[in-house]
Amino acid sequence: MRKIIALFLVSLIIGTLLAGCGGGQQTQQQQQTQQQQSGNAQQGEQSKTYKIVVMPKLVGIPYFNASETGAKQAGKDLGVEVIYTGPTKADAAEQVKMIEDLINQGVDAIAVAPNDPAALTPVLKKAREKGIIVADWDTPADTSVVDISIHQIDDKQYGEHIWDLLVKAMGTDSAEYAIITGGLSAANLNNWINAGLEYAKTKYPNLKLVTDKVPSDEKQQIAYQKALELIKAYPNLKGIIGISSPAPIGAAQAVQEKGLQDKVSVVGTALPNDSKMYLKDGSLDTATLWDPAKLGYLTVSLIKDMLDGKKPADGQDVPGVGQIQVRADGKTVIMGPPTDFTKDNVDQYNF
Amino acid sequence: MQKINISKISINKETILLYVFILTFVFMSILSPSKFLSLGNLQSMASQLPELGIISLGMMVVIITGGINLSITYTAALAGIAGAFVLSSGLGSEATGIYVFITILKALAVILLTGFLCGLLNGYLVGSIGVAPILVTLGTMTLYEGVSLLFTKGGAISGFPLQYQWIGNGNILFLPVPIVIFILFALLTGILLERTAWGRSVYMFGCNPTATLFSGVNIKKVIMFVYIYSSVAAALAAIIMTSRYNSAKVDYGSSYLLQSVAIVVLGGTDIAGGYGKVIGTIIAAGIIQILSSGLNLIGINRFIVDVTMGILLIGVLLLNFFINKAGRKGVMTKQQKEMKTDKKVPA
Chain Z
117 MRKIIALFLV
127 SLIIGTLLAG
137 CGGGQQTQQQ
147 QQTQQQQSGN
157 AQQGEQSKTY
167 KIVVMPKLVG
177 IPYFNASETG
187 AKQAGKDLGV
197 EVIYTGPTKA
207 DAAEQVKMIE
217 DLINQGVDAI
227 AVAPNDPAAL
237 TPVLKKAREK
247 GIIVADWDTP
257 ADTSVVDISI
267 HQIDDKQYGE
277 HIWDLLVKAM
287 GTDSAEYAII
297 TGGLSAANLN
307 NWINAGLEYA
317 KTKYPNLKLV
327 TDKVPSDEKQ
337 QIAYQKALEL
347 IKAYPNLKGI
357 IGISSPAPIG
367 AAQAVQEKGL
377 QDKVSVVGTA
387 LPNDSKMYLK
397 DGSLDTATLW
407 DPAKLGYLTV
417 SLIKDMLDGK
427 KPADGQDVPG
437 VGQIQVRADG
447 KTVIMGPPTD
457 FTKDNVDQYN
467 F
Chain U
281 MQKINISKIS
291 INKETILLYV
301 FILTFVFMSI
311 LSPSKFLSLG
321 NLQSMASQLP
331 ELGIISLGMM
341 VVIITGGINL
351 SITYTAALAG
361 IAGAFVLSSG
371 LGSEATGIYV
381 FITILKALAV
391 ILLTGFLCGL
401 LNGYLVGSIG
411 VAPILVTLGT
421 MTLYEGVSLL
431 FTKGGAISGF
441 PLQYQWIGNG
451 NILFLPVPIV
461 IFILFALLTG
471 ILLERTAWGR
481 SVYMFGCNPT
491 ATLFSGVNIK
501 KVIMFVYIYS
511 SVAAALAAII
521 MTSRYNSAKV
531 DYGSSYLLQS
541 VAIVVLGGTD
551 IAGGYGKVIG
561 TIIAAGIIQI
571 LSSGLNLIGI
581 NRFIVDVTMG
591 ILLIGVLLLN
601 FFINKAGRKG
611 VMTKQQKEMK
621 TDKKVPA
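Protein chains in written order, with the numbering used here: chain Z, 117 to 467; chain U, 281 to 627.
Since the hints were made in silico from the structure, they are not lab data.
Where hints are given, some of them may not hold.
FRET-style restraints, in silico, Cβ to Cβ [stated by the list, open to error]:
{"id": "1", "chain 1": "Z", "residue 1": "D456", "chain 2": "U", "residue 2": "V306", "range": "50 to 58 Å"}
{"id": "2", "chain 1": "U", "residue 1": "L393", "chain 2": "Z", "residue 2": "Y350", "range": "37 to 45 Å"}
{"id": "3", "chain 1": "Z", "residue 1": "P435", "chain 2": "U", "residue 2": "L455", "range": "42 to 50 Å"}
{"id": "4", "chain 1": "U", "residue 1": "L464", "chain 2": "Z", "residue 2": "L313", "range": "54 to 62 Å"}
{"id": "5", "chain 1": "Z", "residue 1": "N304", "chain 2": "U", "residue 2": "L400", "range": "39 to 47 Å"}
{"id": "6", "chain 1": "Z", "residue 1": "T327", "chain 2": "U", "residue 2": "G419", "range": "36 to 44 Å"}
{"id": "7", "chain 1": "Z", "residue 1": "D445", "chain 2": "U", "residue 2": "G377", "range": "30 to 38 Å"}
{"id": "8", "chain 1": "Z", "residue 1": "Q337", "chain 2": "U", "residue 2": "L467", "range": "51 to 59 Å"}
{"id": "9", "chain 1": "U", "residue 1": "K433", "chain 2": "Z", "residue 2": "K324", "range": "32 to 40 Å"}
{"id": "10", "chain 1": "Z", "residue 1": "I177", "chain 2": "U", "residue 2": "F431", "range": "23 to 31 Å"}
{"id": "11", "chain 1": "U", "residue 1": "L538", "chain 2": "Z", "residue 2": "N466", "range": "30 to 38 Å"}
{"id": "12", "chain 1": "Z", "residue 1": "T327", "chain 2": "U", "residue 2": "G426", "range": "28 to 36 Å"}
Simulated crosslink set (DSS-like; lysine-lysine; CA at most 25 Å straight-line) [stated by the list, open to error]:
{"id": "13", "chain 1": "Z", "residue 1": "K241", "chain 2": "U", "residue 2": "K605"}
{"id": "14", "chain 1": "Z", "residue 1": "K246", "chain 2": "U", "residue 2": "K433"}
{"id": "15", "chain 1": "Z", "residue 1": "K272", "chain 2": "Z", "residue 2": "K284"}
{"id": "16", "chain 1": "Z", "residue 1": "K329", "chain 2": "U", "residue 2": "K433"}
{"id": "17", "chain 1": "Z", "residue 1": "K335", "chain 2": "U", "residue 2": "K433"}
Which bits of chain Z does chain U cover? Going by a derived footprint, with three or more residues having C-beta under 8 Å, they are [what the hints assert, rightly or not]:
{"id": "18", "region": "197-203"}
{"id": "19", "region": "211-222"}
We treat Cβ as the ideally placed atom computed from N, Cα and C, and that holds for glycine.
Whenever a hint applies, use it, and build me the whole structure from the sequences.
Okay, here's the thing in structure tokens:
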């Protein structure tokens, strides 16, 4: 009897292994048929399909799920095999291990959004020595170890765009406004704000910033409180800029609660799903961000070009994405202008 | 009589584990022979295994005494960060060979010393003050994390000399350096646990602390050494980690805490203390590594990898449970039989 139980358990364990692997084979087969289909569509132009790895910071969050859709779509359109895989936790150590395994799997290119740039340098170097094309996307890695670096946005352009949106929403460029930011030490947020402030100095000299940028610890609740305080302290306040994705939502929440939709304009960097409800009733005027699906698509298609021996060119028109910019170093690519979400178009996006 | 039976059961535990290990290995080899059996994959598995393996050994020693060391991963983080400051400071990019060598030696010493001090605090609180290990190490876990955050502000420290990367990424002949360190450390742990008086007191304490005390063993010293050993193991893992990732950060390896407990238990160590073998822990770490790398190689969804590992862990634990139960029943029936025969003899 006991022997039977033991035997049963052993077979269960082996069974799970089999099941797990079986599933994998299936997906592989699916991928293969997909490739075949797309290969047929291109009438067998490619004799060998490239294997391109796209690794997010972690899998299973809306932002990176959206970029997965884009990357997979690009794989289908271009006839390459896209492996979209990443750790289940945003841990750099996990990413290093997975990349090591992927190198052994024998892939042609790896694009990674590093959780920590420094930690990935040795393993990316190793990948390059094996002749694998290395790219970073979403978040830059150490520039010396990547062949191509794909950025979603140009910091300066993005900052200026946010200020333009504010003026448009307020309907005047002579008004008082405030900035709520995610954190005072976040480098990318500061770059956007500084670019915007610099721009406003010359373009909108009558805009008056009532106080220094207000930190909100990347929390909607705190942004909401700060916005309430700002509205109270500065009765003439006409606009609030929220930088980092929870900040505009918190500010919009405050505006909504006070019923000041027509008096105070809120613009900022927010995800469409979060901002939907505030955009609809006018408490949030415009949210602006890039489209992660496009970013995933662009990553795959640029790497495919690299594998074909084509370098990205400034002003190149990438199908499905649009015109891209390439910096002077020849490997830093910028996807292009941000996407604005308003109450009219927000339903088209899901991330 | 009973002792012999227990050792028989223990042999079963480890041999079953070995079978599972061999089966998974063979299975992965059949599934993707060209990739899984390639030198590159075997080497990268051998350099991934040691971090978690060494931490697991450090965890095992504590669990054998019936305790747990929750601070083990943050001890590693703190030690790594301390070493990183030495490595990255006062070193120009064009430093000469000997100077670099001395800096690396200094850093290694600082890492091990930090580990030693962390262990000293844990050991003092558990052994001398007598607070429950889970509370002490929960406290020190937060403490070490806090100190690490204070010094790094959450960022990574990088910019180490190139030569330091050899420890984590280099090879001796064809063996990766980390696996060599792991083998040496495992041998040392095995010898300390099974061939020394200290080792025997560790097992004794795990079985019955009171009896150990009344046997005249200096418990404080034994416990102190257990926690120091555990923390030094963490520091050793920190050396490999900082070198492999070429930087130090507070959350490197933070996922290793529960994984190491899982490996120790999978390896047959009794979570209540008193039993545990180095070889069991090593095989368990090996199984996890083969699964993780193997499934990754085939390109399986990361979530399914986690699910598979969870099911494997539960399966082996259940298996151990039934074998244990069967063994105990066997002992009992034998004893009953003997009692009957004993009774019969005088009658």
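How the hints compare with the structure:
Separated by about 57 Å at the C-beta atoms, D456 of chain Z and V306 of chain U satisfy the suggested range of 50 to 58 Å. At roughly 55 Å, the beta-carbon separation of L393 of chain U and Y350 of chain Z lies outside the given 37 to 45 Å, and the hint is violated. For the hinted restraint 42 to 50 Å between P435 of chain Z and L455 of chain U, the CB-CB distance of approximately 49 Å keeps it satisfied. The hint said 54 to 62 Å for the Cβ distance between L464 of chain U and L313 of chain Z, and at roughly 58 Å that hint holds.
At roughly 42 Å, the beta-carbon separation of N304 of chain Z and L400 of chain U lies within the given 39 to 47 Å, and the hint holds. The hint said 36 to 44 Å for the Cβ distance between T327 of chain Z and G419 of chain U, and at roughly 41 Å that hint holds. Remark: the range hint 30 to 38 Å for D445 of chain Z to G377 of chain U is upheld by a beta-carbon distance near 33 Å. For the pair Q337 of chain Z and L467 of chain U, the beta carbons lie near 54 Å from each other, so the given range of 51 to 59 Å is met.
Distance hint check for K433 of chain U and K324 of chain Z: the Cβ-Cβ separation is about 33 Å, which falls inside the suggested range of 32 to 40 Å. Taking 23 to 31 Å as the suggested C-beta distance range, the pair I177 of chain Z and F431 of chain U conforms, at roughly 30 Å. Checked against the hint of 30 to 38 Å, the C-beta distance between L538 of chain U and N466 of chain Z comes to roughly 34 Å, which is consistent with it. For T327 of chain Z paired with G426 of chain U, a C-beta distance near 32 Å keeps the hint of 28 to 36 Å intact.
For the given pair, K241 of chain Z sits about 52 Å from K605 of chain U by alpha-carbon distance, which is inconsistent with the 25 Å threshold. Taking the CA atoms of K246 of chain Z and K433 of chain U, the gap is near 35 Å; set against the 25 Å cutoff, the hint is violated. Restraint check for K272 of chain Z and K284 of chain Z: satisfied, since their Cα atoms lie roughly 19 Å apart, inside the 25 Å limit. At most 25 Å may separate the alpha-carbon atoms for a hinted pair to count; K329 of chain Z and K433 of chain U meet this at roughly 21 Å.
Distance restraint check for K335 of chain Z and K433 of chain U: the Cα-Cα separation of roughly 19 Å lies within the 25 Å cut-off, and the hinted pair is therefore satisfied. Residue count for the region 197-203 of chain Z with a Cβ under 8 Å from a Cβ of chain U: 4. That meets the three needed, and the coverage hint holds. Judged by the Cβ-Cβ criterion of 8 Å, the region 211-222 of chain Z is covered by chain U as claimed, because 10 of its residues qualify and three suffice.
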